[in-house]
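Peer 1: Taken in sequence, the protein lines are chains A and C.
Following the working numbering, the residues of the first sequence are numbered contiguously, the last one being 601.
Following the working numbering, the residues of the second sequence are numbered contiguously, the last one being 1211.
In case anyone wonders, no lab produced these hints; they're calculated from the structure.
Any given hint could be a false lead.
Short derived list, chain C residues pointing at chain A, Cβ under 10 Å [said to hold, decoys possible]:
id: 1; residue: P1043
id: 2; residue: P1076
id: 3; residue: A1099
id: 4; residue: D1143
id: 5; residue: A1159
id: 6; residue: A1163
id: 7; residue: D1167
id: 8; residue: R1193
id: 9; residue: F1194
DEER-style ranges, computed between Cβ atoms [said to hold, decoys possible]:
id: 10; chain 1: C; residue 1: H1199; chain 2: A; residue 2: P518; range: 37 to 47 Å
id: 11; chain 1: A; residue 1: D168; chain 2: C; residue 2: L1191; range: 23 to 33 Å
id: 12; chain 1: C; residue 1: P1032; chain 2: A; residue 2: E371; range: 37 to 47 Å
Quick caveat, the model's predicted, so the values are computed rather than measured.
For every residue, glycine included, the Cβ atom is placed at its ideal position computed from N, Cα and C.
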Amino acid sequence: MPFLTPAAAAKNHYDVVIVGSGAGGGQSAYTLSMEGARVLLLEAGRRYIPETETPMFQTPEQAPLLGASTPVKPFGFHDATVDGGWQVPGEPYVQGSTEPAERFDWWRARMLGGRTNHWGRISLRNGPYDFKPFSRDGLGFDWPIGYEDVAPYYDRVERLIGVFGGDDDLENTPRSPPGCLLPPPRPLVSDLLIGQRARRLGVPVIPCHKAVLTQALDHRRVPPLLHPQNPAAQQLLADEMQRRAPCLWATPCGRGCSVRANYQSTTVHLPPALATGRLDVVTDAMVYAVDLAPDGRARGVSFVDRLSGAHRSVNGRAVILAASACETVRILLNSKSARFPHGLANSSGRVGRYLMDTVGTTVVGQIPLLENLPPHNEDGAGGNHAYAPWWLYREQRAGKLGFARGYHIEVGGGRHMPGLDTVSGLEWLTGGSYGASFRADARRYYGSFVGFDGRGEMIPNDDCWCEIDPSVKDRFGIPVLRFHWKWSLHETRQAAHMQQTFAAIIEAMGGRVSGPQPIDGARAIAPGGSIIHEVGGAMMGSDPARSVTNAWGQTWDVSNLFIGDGAVFASNADKNPTLTIMALAWRMSDHLLGRMQRREL
Amino acid sequence: MIDRRTTLQWMLAVSASLPLARPAAAPLTPGPAVAGTGYGSDPDLTHIYRPGEVWPLTLTPAQRRTAATLCDLILPAAGSTPSATAAGVVDFLDEWLSAPYPRQRTDRDVIIAGLAWMDAEAGRRFGRDFAGLEGAEQRAICDDICYLPRARPELAEPARFFARYRDLTAGAYYSTAAGRQDLGYVGNVPLPRFEGPPHDLLARLGLPDEL
Chain A
1 MPFLTPAAAA
11 KNHYDVVIVG
21 SGAGGGQSAY
31 TLSMEGARVL
41 LLEAGRRYIP
51 ETETPMFQTP
61 EQAPLLGAST
71 PVKPFGFHDA
81 TVDGGWQVPG
91 EPYVQGSTEP
101 AERFDWWRAR
111 MLGGRTNHWG
121 RISLRNGPYD
131 FKPFSRDGLG
141 FDWPIGYEDV
151 APYYDRVERL
161 IGVFGGDDDL
171 ENTPRSPPGC
181 LLPPPRPLVS
191 DLLIGQRARR
201 LGVPVIPCHK
211 AVLTQALDHR
221 RVPPLLHPQN
231 PAAQQLLADE
241 MQRRAPCLWA
251 TPCGRGCSVR
261 ANYQSTTVHL
271 PPALATGRLD
281 VVTDAMVYAV
291 DLAPDGRARG
301 VSFVDRLSGA
311 HRSVNGRAVI
321 LAASACETVR
331 ILLNSKSARF
341 PHGLANSSGR
351 VGRYLMDTVG
361 TTVVGQIPLL
371 ENLPPHNEDG
381 AGGNHAYAPW
391 WLYREQRAGK
401 LGFARGYHIE
411 VGGGRHMPGL
421 DTVSGLEWLT
431 GGSYGASFRA
441 DARRYYGSFV
451 GFDGRGEMIP
461 NDDCWCEIDP
471 SVKDRFGIPV
481 LRFHWKWSLH
491 ETRQAAHMQQ
501 TFAAIIEAMG
511 GRVSGPQPID
521 GARAIAPGGS
531 IIHEVGGAMM
541 GSDPARSVTN
551 AWGQTWDVSN
561 LFIGDGAVFA
571 SNADKNPTLT
581 IMALAWRMSD
591 HLLGRMQRRE
601 L
Chain C
1001 MIDRRTTLQW
1011 MLAVSASLPL
1021 ARPAAAPLTP
1031 GPAVAGTGYG
1041 SDPDLTHIYR
1051 PGEVWPLTLT
1061 PAQRRTAATL
1071 CDLILPAAGS
1081 TPSATAAGVV
1091 DFLDEWLSAP
1101 YPRQRTDRDV
1111 IIAGLAWMDA
1121 EAGRRFGRDF
1131 AGLEGAEQRA
1141 ICDDICYLPR
1151 ARPELAEPAR
1161 FFARYRDLTA
1171 GAYYSTAAGR
1181 QDLGYVGNVP
1191 LPRFEGPPHD
1201 LLARLGLPDE
1211 L
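Using the sequences and the accompanying hints, generate a full structural model.
Peer 2: Structure follows, in structure tokens:
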């Protein structure tokens, strides 16, 4: 029985104890258990079963409030998130400042698979520049690794989870080797119109990369590539790949997927790992500390059983923290001892430092060319099929832009499932119609809107960090985080540039921007944390005095303690972080296996 | 119920309106208060919910009558396509306005005051409540408040109410099967392949088939 009670797990001794079951924890559990390690995976939330819990095909009127967002379901009723959001009842966090511009909003999910259940599935590789940003412009930090170190793991992750994408090969936007990606889906009308008009402005629009199966995975070809020399693992993976159906081109991916057509840790990483018989899982296990042995090595972790309130400790030869960047930081800082009075693995003082999110801002436009289109199915693969990678590297190098790093554009449009807001706020187009003319207006304007979401690189800075609040504790008695946040001009100017660019594209499409447009980047930029790309806080580096882990995610101070989530990021490229989190977790797990085989751990 | 600031804004709107033909017969008796704590942070997502199932509905019969009349002015039946009330919009509005969440509580203040204003205005101009008016009389009131930029300054609050009410009505209507069909939404069905846009549409728009 791989799902254990806390008491049962406490009796065992594991090779590796992993905290967190999302992208990093899921990938680590997969790699380690498939390659022979005995693994315990601890998840703070409840067990979650996408096959039976996902609301596939439910329509808005079948949900309370037409599925509108509420404080307990911020992305709407049918969103996959369980017990999560910007606030988790009984689990507060603290803002270090009352200034609205200095707030950090922290998204958490308390469920098996964590945030991978609801995420956007956009799976972009970092490029060569993204690992060496300091060397390029003197800002932020270089990673101790380069693209060539991570590329083989991007290949593996793409093959394992299934990512669609094109074969474009643009500056700092790497092309995947042949055989890694699935074919991209057809673009929507709006994608094609955006592509045509944006290109006139020099903006390239290409197929997006997303973790959705546009066709079945090749269960014969892929498993031997991922697990050479390991026929048992190949067989388990082949079996599970055949249990995943390709996309059925309906119902939003953010609800999760009962047929396992997109990547969720719960449908992709954990099933084969559990099938090895070497993975045990304890859910509702709220980890608060890494326990140390007398020799200063990690012995295991301690947690509160959320159901009973009991405290438990579990043991392993190595510990991986993959609880999400900030929760991992929280565990480290709460793991104080005589040897580590400022928190574990914090001899550099850099635990909690250099938190990053993504720069985000949005512009919506109304496009007359897209009015009154003939009905056709545009559900597609759960959202955007196209995006624009950053294209102004040369101008940036020449210092023409006033901000140092790039952004990509996620484009949206189409005749998607109507809901509460589909025809709201149309007065500026209709002059306030009601009755039969309003019905005609609704048909006319439905599907005529396009949206542009900018996703830009934030440069780590001294003002974005978190620490343990001296007084506030959560309902388990665990001290909570206090956040500090300040955008620099690099981010706010970038947000202003996004606004100008998106308005220009809308104009080039013959459309108009919907609603008032913030000119000031400081007003346009989404609050810290709100893009939910939280990374950093336990940065990897090559100097133990200036970083928390080495190039493998192994903490400098505790040799058998590893960081397996986004906390190790030394920069936060515009590329969405999830694919990189998985690639790094696989790389770290390979390294850990090697050290265990060499009996170094 | 309605907070004090909202009440004051509405009193200004009422007093600045046309001279009173007779005292308003508006349904000012408050209905039941909003109750319940919502659906919690871990509801069953696959269950099919009905208005009133998770928290009690609270609109009075008089409020629902006014609400229904206004819904059907915004989205009347069209041939075989049902009206807003036939599509169940009033039940949805009642669910929305009875919900224990902040955004809905704000809407409750605006909408309940607005419905009362509609009846009061109907009484002032025509001596009956809104539902009892002829269609032309109803539209005469709606025409004054259907577009905020054109509304007289003293009718700004009722115009804001109308805009929100139209958005909620339309949101509910187009979330139903009838509304989806009326808009020409043809998705939410499993497909073996994603065909993308029809070629002749792309040709008409001068667009290539691929990015």
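Peer 1: So, as I understand it, the hint says C:D1143 touches chain A; can you test that by seeing if any CB pair is closer than 10 Å?
Peer 2: Cβ of C:D1143 sits 9 Å from chain A, so the hint holds.
Peer 1: Honestly, do A:D168 and C:L1191 meet the 23 to 33 Å range at C-beta?
Peer 2: Since the Cβ atoms of A:D168 and C:L1191 sit about 26 Å apart, the hinted range of 23 to 33 Å holds.
Peer 1: For the hint on C:D1167, just tell me whether its beta-carbon gets within less than 10 Å of chain A.
Peer 2: Holds, about 4 Å.
Peer 1: Identify whether the interface hint at C:F1194 stands, where standing means a beta carbon of chain A within less than 10 Å of its own.
Peer 2: Nearest chain A Cβ about 5 Å off; hint holds.
Peer 1: Would you say the C-beta atoms of C:H1199 and A:P518 sit inside 37 to 47 Å of each other?
Peer 2: holds, 39 Å
Peer 1: Please verify that hint: C:P1076, Cβ, nearest Cβ of chain A, below 10 Å or not.
Peer 2: At about 6 Å, which falls below the 10 Å cut-off, the nearest Cβ of chain A leaves the hint on C:P1076 intact, so it holds.
Peer 1: Does the nearest C-beta of chain A fall within a distance shorter than 10 Å of the C-beta of C:A1159?
Peer 2: Since chain A brings a Cβ to about 8 Å from C:A1159, closer than 10 Å, the hint holds.
Peer 1: Could you say whether the range 37 to 47 Å given as a hint is met by the Cβ separation of C:P1032 and A:E371?
Peer 2: holds, 44 Å
Peer 1: Would the hint on C:P1043 stand, with a C-beta cut-off of 10 Å toward chain A?
Peer 2: holds, 7 Å
Peer 1: At a threshold of 10 Å, is the proposed contact between C:R1193 and chain A supported by beta-carbon distances?
Peer 2: At 8 Å from the nearest chain A Cβ, C:R1193 passes the 10 Å test, so the hint holds.
Peer 1: Return the status of the interface hint for C:A1163: holds when the least beta-carbon distance to chain A is below 10 Å, violated otherwise.
Peer 2: holds, 6 Å
Peer 1: Classify the hint on C:A1099 as holds or violated, based on whether any CB of chain A lies nearer than 10 Å to its CB.
Peer 2: Hint holds; C:A1099 Cβ to chain A Cβ min 6 Å, cut 10 Å.
This entry satisfies every hint, going by the numbered hints stated previously.
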